[in-house]
Amino acid sequence: GQQVMQIPQYQHVQEGEDFTTYCNSSTTLSNIQWYKQRPGGHPVFLIQLVKSGEVKKQKRLTFQFGEAKKNSSLHITATQTTDVGTYFCAGRSGGSNYKLTFGKGTLLTVNP
Amino acid sequence: GAGVSQSPRYKVAKRGQDVALRCDPISGHVSLFWYQQALGQGPEFLTYFQNEAQLDKSGLPSDRFFAERPEGSVSTLKIQRTQQEDSAVYLCASSSTGSGYTFGSGTRLTVV
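Residue numbers (the numbering used here), protein chains in the order written: chain A, 100 to 211; chain B, 2 to 113.
Keep in mind that the hints were calculated from the coordinates and are not lab data. Each residue gets a CB set at the ideal place from its N, CA and C atoms; glycine is no exception. Incorrect hints may appear among the rest.
[What the hints assert, rightly or not] Derived Cβ-Cβ restraints for the label pairs, each shown as a range: (1) A/152 / B/79: 37 to 47 Å; (2) A/156 / B/59: 27 to 37 Å; (3) B/51 / A/127: 33 to 43 Å; (4) B/69 / A/112: 37 to 47 Å; (5) B/85 / A/117: 20 to 30 Å; (6) B/62 / A/115: 25 to 35 Å; (7) B/16 / A/150: 30 to 40 Å; (8) A/106 / B/45: 41 to 51 Å; (9) A/104 / B/60: 37 to 47 Å; (10) A/102 / B/56: 30 to 40 Å.
[What the hints assert, rightly or not] So the derived list for chain B, only partly shown, Cβ under 10 Å to chain A, looks like this: (11) 44; (12) 66; (13) 89; (14) 92.
[Stated by the list, open to error] Listed below are the simulated EDC-like cross-link pairs for lysine to aspartate or glutamate, each with C-alpha atoms no more than 16 Å apart in a straight line: (15) A/158 / A/117; (16) A/198 / B/87; (17) A/198 / B/19; (18) A/169 / A/182.
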């Protein structure tokens, strides 16, 4: 079945440093979504990418979808303590127009 | 309602006990999903409803797990004869077509 892998598993940064998490799928994706889960919270939808090579920005967050639609990345510029949490990518393959397969997530901690 | 509501928030069950977890999705959302999230892991798909129809139950771990959504709104996930390996957070999510998921706060099930 479809597998979605994320690296790194953990990342600790000093406040103000940049952060990037990478997501790779074993199959070509129709779209990919990113979620953030604060400690003790539930996943919150951030964004969806659909087109090959797509780049979207939300303030300090930049999301990319690979040309082959099998990988994606999330980059945070100048991290803040409010960025702490686990970032999940979740992919939807062409065989399903509803089911999302989540990666294991990258836990980001920020030292003030 | 404004968001996805799940109850109870926490449930402690003795091994062998039956439990029922409730999800009240966002009004008008056709799609409803149940996911299971183990500690430190990403959400794992359990089952999917489109209105009252259960279109995919491929993620249910065993025949002890049963989900229903009889009127196309509120859904119940039932686990019979709970086992320790059932301990996890059970997340419900709803969405409208093509959009991201809105997750509830989850039910943390602990089987003792």
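Results of checking the hints against the structure:
1. A/152 / B/79: 37 to 47 Å: holds (44 Å)
2. A/156 / B/59: 27 to 37 Å: holds (36 Å)
3. B/51 / A/127: 33 to 43 Å: violated (24 Å)
4. B/69 / A/112: 37 to 47 Å: Roughly 45 Å apart at Cβ, these two residues keep to the hinted range, so it holds.
5. B/85 / A/117: 20 to 30 Å: violated (41 Å)
6. B/62 / A/115: 25 to 35 Å: violated (44 Å)
7. B/16 / A/150: 30 to 40 Å: violated (49 Å)
8. A/106 / B/45: 41 to 51 Å: violated (19 Å)
9. A/104 / B/60: 37 to 47 Å: violated (19 Å)
10. A/102 / B/56: 30 to 40 Å: Given about 22 Å between the Cβ atoms, the range is violated.
11. 44: holds (5 Å)
12. 66: Status violated, d = 17 Å.
13. 89: violated (13 Å)
14. 92: holds (6 Å)
15. A/158 / A/117: Judged against 16 Å, a Cα distance of about 13 Å means the pair holds.
16. A/198 / B/87: Violated, at roughly 22 Å.
17. A/198 / B/19: Status violated; Cα separation ~27 Å.
18. A/169 / A/182: Cα-Cα ~26 Å, so violated.
The structure fails to meet hints 3, 5, 6, 7, 8, 9, 10, 12, 13, 16, 17 and 18 from the earlier list, while all remaining hints are met.
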